[in-house]
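Let the hints inform the model, and build the full structure from the sequences given.
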Amino acid sequence: MAKMEVKTSLLDNMIGVGDMVLLEPLNEESFIDNLKKRFDHNEIYTYIGSVVISVNPYRSLPIYSPEKVEDYRNRNFYELSPHIFALSDEAYRSLRDQDKDQCILITGESGAGKTEASKLVMSYVAAVCGKGAEVNQVKEQLLQSNPVLEAFGNAKTVRNDNSSRFGKYMDIEFDFKGDPLGGVISNYLLEKSRVVKQPRGERNFHIFYQLLSGASEDLLYKLRLERDFSRYNYLSLDSAKVNGVDDAANFRTVRNAMQIVGFMDHEAQSVLEVIAAVLKLGNIEFKPESRVNGLDESKIKDKNELKEICELTGIDQSVLERAFSFRTVEAKQEKVSTTLNVAQAYYARDALAKNLYSRLFSWLVNRINESIKAQTKVRKKVMGVLDIYGFEIFEDNSFEQFIINYCNEKLQQIFIELTLKEEQEEYIREDIEWTHIDYFNNAVICDLIENNTNGILAMLDEECLRPGTVTDETFLEKLNQVCATHQHFESRMSKCSRFLNDTSLPHSCFRIQHYAGKVMYQVEGFVDKNNDLLYRDLSQAMWKASHSLIKALFPEGNPAKINLKRPPTAGSQFKASVATLMKNLQTKNPNYIRCIKPNDKKAAHIFNDALVCHQIRYLGLLENVRVRRAGYAFRQAYEPCLERYKMLCKQTWPHWKGPARAGVEVLFNELEFPVEEYSFGRSKIFIRNPRTLFKLEDLRKRRLEDLATLIQKIFRGWKCRTHFLLMKKSQIVIAAWYRRYSQQKKYQQIKSSAIVIQSFIRGWKARKILRELKHEKRCQEAVTTIAAFWHGTQVRREYRKFFRANAGKKIYEFTLQRIVQKYFLEMKNKMPSLSPIDKNWPARPYLFLDSTHKELKRIFHLWRCKKYRDQFTDQRKLIYEEKLEASELFKDKKALYPSSVGQPFQGAYLEISKDPKYKKLKDAIEEKIIIAEVVNKVNRANGKCASRIFLLTNNNLLLADQKSGHIKSEVPLGDVTKVSMSSQNDGFFAVHLKEGSGAASKGDFLFSSDHLIEMATKLYRTTLSQTKQKLNIEISDEFLVQFRQDKVCVKFIQGNQKNGSVPTCKRKNNRLLEVAVP
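In this text, residue positions in the sequence shown follow this note's numbering: the first is 26, and each later residue adds one.
There may be inaccurate statements among the hints.
As the list claims (entries may be wrong) - Derived lysine-lysine pairs resembling BS3-like cross-links, with alpha carbons at most 25 Å apart:
| id | residue 1 | residue 2 |
| --- | --- | --- |
| 1 | K328 | K247 |
| 2 | K1093 | K962 |
| 3 | K1043 | K902 |
| 4 | K503 | K543 |
| 5 | K993 | K942 |
| 6 | K847 | K879 |
| 7 | K1003 | K1027 |
| 8 | K1043 | K62 |
| 9 | K144 | K613 |
| 10 | K1027 | K962 |
| 11 | K266 | K726 |
| 12 | K328 | K627 |
| 13 | K962 | K942 |
No lab work stands behind these hints: they were computed from the structure.
Okay, here's the thing in structure tokens:
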């Protein structure tokens, strides 16, 4: 298991030299070797004082985890290994605690890792600043602005798969607590020429490929796009796919980031529509067409693409078509319209695409600024992060490289000035004598480029504004005239004789001696790129669009605001932007990150010495080290210095009780270093030569080895003593436990032996007593046996004469007794079940037991019937009594009876007490209800049936309306004389009433019910109980009933019914009512 390294200083466990200021000897070769050595051990960061050198590893390293963030949080800059987090923490703490505005300048060539470095800085600051919902929202918006800008401003180049093609400066604003409030982003010189043309092996901006790969089919249909890259002329096909890059997933990330930053849905849709329009512009092609006057005019070959562009942007097709074919020039009050040939039409098309994309990008930056700007107006602290292109030296260098290198010259100038200023301020602050430092001042190169009178940019602007024929060659001639004698300008066409025979310098080029080396620029395209012209006809066509975003991008197209003044050139605009940036940077405390690309293959573990050497030169890193070492190479606060080296002096080891400075003075006096090798400042000690520091480190290392040996010796002695005392104590404990165990074992053996002896003695005693008891018992048994035999002999002698006289009778009685006994025992085992309906009974064994056998069967049946009845509850007894009554009344008389045997008599088929509909009916009846059932009452006049509620109480028979519950009739049970019914399988029955009673005024009742047997039985039992008289039950297929004054014969006949199995009733005449039964 590897030992954990605990670092308390930059100098601990160094791989190579962590700070280039300490490098000995200092030259280009040793500088590169040190970087390579650290790179091979995954140490990609190295210091030059407070400057961080970052070498791109081209792979992920486990050095950016949350644990690493905590390691570097609130730590001294030189306390741990070099890291970008150390610089970020130093800048953040200076801003928060010392109220100093900060800026972090990140430079390096394409592919060196500048964009990743800026992300790491922002992520570290976001991790260590405050928390809270509002603060987290601001941090998230600041971080999510990166994916949006990368999608629209980055592209794949031969050097980098995610190369920033614009310069970005972000000011992050903080409150007094150090919590982020918002930010402002500035962009510089977007490489818009990439929109229309890309070098071989490179891609257009990411957003084009992300849109085509990640958009849904529905979105592509709305944008009039197809997913195939080959359909679009502006997209290079040889590098359309990049290994390890998922454009579809990145598109989803960009859409999500736009939503987080604050883009509305319609804004995001408008942006994508502009992107689609740019793509389709590249597909517009022109053909020549001769006019009458002999001039060539351009015409669009296929107008489908133009039509779709106009549908997307809301531009009149004829207006845009004319803008591609004609150019209008205005001078004072005159307008001149000229036709465009094919070449000019293609130029106009590309110029429109470039301007459209460039202005969209600027609009995106402004829109992001609106979302992330600070909402409060309190005083803010600012940390700026500058991620800008590094110095560029290509085989073919044009206007873009010239502008970029000019910006790097200005950054180098401010870097040297601020570094020297910082050194001088520290010397004055520490009361150390300041010595003048000689260094190369590149102000002369900046003046060559930016001088307002005879600078290259001024002459380029003058040439662009000059009337007449203006070409790149005329511009070069002017440079040769004005700059011929300048020591940093070279040209074959100049009057300087030393370059006339320089074959490495073509005639159409000029060369500038930059601080980073000589760069040759091809003059071709300088004038056009500086002009950056967009024909006014196209601007006005764009302004006429109904698309709100496109209209806002071209305000100069408004006819009401026509400005005949020539717009500023690209060079003058960039010069002004750089001047503003320099002014901004000079007000802040600078922090530098120099990014280096180790190889051109974008591969891990490859370190190209020549390529790194080239970057070291143009970044001026060696000069940076020399400036830093010009005075004192190393400085350190007294407290950490004393803490680190106090073991080298007996007076300061192990603890120094006085001031830290006094302790360091005592330490250095005892070490006898030359006085000129160090100086004591107010809070730091300054060491002039790195050799002195390394000598200190060697002394410390040897002293640490001695101290380690001493500690080991003391530790080993303590360990051996501790081990001996532990062994001694353990021996005593073991001996005590062993003696205890030995005595216990001995005691157990003695105890076991005693128990065995005791058991043998007890056994002998028990066996002896047992033998005595057995002998005594046998003696008693023998006496008893002899006495019994003797008494038996005596009795037999006495009764022998009686036995001989009655022997036959005795034997007969005994035999009979045994047979009866056997009979009863067998009957016991053959008894049938206790069910009263079980008719099984064992067979008779002997003829003389026939009467006994029958009597036993009768008694057993009566007994098990009684047992069965004893199980009944009162309610069940009542049910069986009713069933028995029904059997006596209807068995073998009424055909309906057998089907009613298995049905329990419920009585209350209507729950009158629970149904709220019958509340009045329930309140009107105070007696107990025996039957509550719905019956069909036969109408006396026509024989039709009507539903009625049939209620039987203890004293009355009631009929009520089924719907309302209103009582229609009430008949006392004493007035009921007879119940008549047929013998067939129907439910009709008649209730005959006593003549002259109040209920008999309308005559008898004829009903039909599904529960006829139950109702008749309960009516019979209830009447018997109340009147003590049996109710007459008449069962006949023809009987008379009294209907008012008439006697009607009810006759039951067999017939086929239309309703199936339901009996029907029909009044034939005044004297006959027929019931048809199926």
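A quick look at each hint next to the structure:
no., hint, result
1, K328 - K247, "holds (19 Å)"
2, K1093 - K962, "holds (18 Å)"
3, K1043 - K902, "holds (15 Å)"
4, K503 - K543, "holds (21 Å)"
5, K993 - K942, "holds (16 Å)"
6, K847 - K879, "holds (17 Å)"
7, K1003 - K1027, "holds (16 Å)"
8, K1043 - K62, "violated (117 Å)"
9, K144 - K613, "holds (20 Å)"
10, K1027 - K962, "holds (13 Å)"
11, K266 - K726, "violated (55 Å)"
12, K328 - K627, "violated (43 Å)"
13, K962 - K942, "holds (21 Å)"
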